[in-house]
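The sequence shown begins at 8 in the working numbering and counts up one residue at a time.
Calculated directly from the structure, the hints in this document are not laboratory data.
We put the beta carbon where it would ideally sit given N, CA and C, even for glycine.
Label pairs and their calculated CB-CB ranges: (1) Pro-125 to Glu-18: 29 to 35 Å; (2) Tyr-32 to Lys-159: 24 to 30 Å; (3) Pro-71 to Val-147: 21 to 27 Å; (4) Asp-98 to Asn-144: 19 to 25 Å; (5) Pro-71 to Tyr-32: 15 to 21 Å; (6) Ile-70 to Asp-98: 29 to 35 Å; (7) His-132 to Ser-77: 18 to 24 Å; (8) Asn-144 to Glu-18: 24 to 30 Å; (9) Val-147 to Ser-68: 22 to 28 Å; (10) Glu-79 to Ala-158: 29 to 35 Å; (11) Pro-86 to Asn-120: 26 to 32 Å; (12) Ser-68 to Gln-99: 36 to 42 Å; (13) Gly-139 to Lys-159: 16 to 22 Å.
Computed list of lysine-lysine pairs in DSS-like fashion (alpha-carbon distance at most 27 Å, straight line): (14) Lys-159 to Lys-90; (15) Lys-69 to Lys-82; (16) Lys-90 to Lys-104; (17) Lys-69 to Lys-90; (18) Lys-159 to Lys-104; (19) Lys-159 to Lys-69.
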Amino acid sequence: MARLKNNYESEGFYGIGVLYSQDAYNVGTLWRSAYILGASFIFTIDHKYKKQSSDVTKSWSKIPLFHYSSFEDFKNHLPFSTKLIGVELTDQATELKDFAHPQRAVYLLGAENTGIPPEIINECHDLISLPGAFSLNVAVTGSIVAHDRHAKIGGRLPTTGNH
8 MARLKNNYES EGFYGIGVLY SQDAYNVGTL WRSAYILGAS FIFTIDHKYK KQSSDVTKSW
68 SKIPLFHYSS FEDFKNHLPF STKLIGVELT DQATELKDFA HPQRAVYLLG AENTGIPPEI
128 INECHDLISL PGAFSLNVAV TGSIVAHDRH AKIGGRLPTT GNH
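Turn these sequences into a full structure, and let the hints guide you.
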């Protein structure tokens, strides 16, 4: 078997999703933002998604949504060699402005009213936080994280269709 002679620079990929989502509307809005800002997929853990009018780009037809019944189910299906990044207001977190995004990442957002439980925070490779003393809307938080990732490391963005 011949070896590859060319080196290929990887753009990496990322996924973003919500643990215990309280509002399907937020998932639809996050799906739209994730698609526009170059995510490879989104996911939900524990609460299923119902199609929402907030997804006007029909993101469901462009990037997949994976649903996991539990955090253990999700963890068992993380892509190979991918960092799990928790997004949470905690003293252990790095501020988003100072965070260097890994090439292969999955960003985990907690529900607005409960956040990410401590036992799941301990499973994350890194933690990041946004400025402020209060939790933002989960779709807004996910959109800010996705924008920050794109601004810092780029990636493939959709080139056709209305946004």
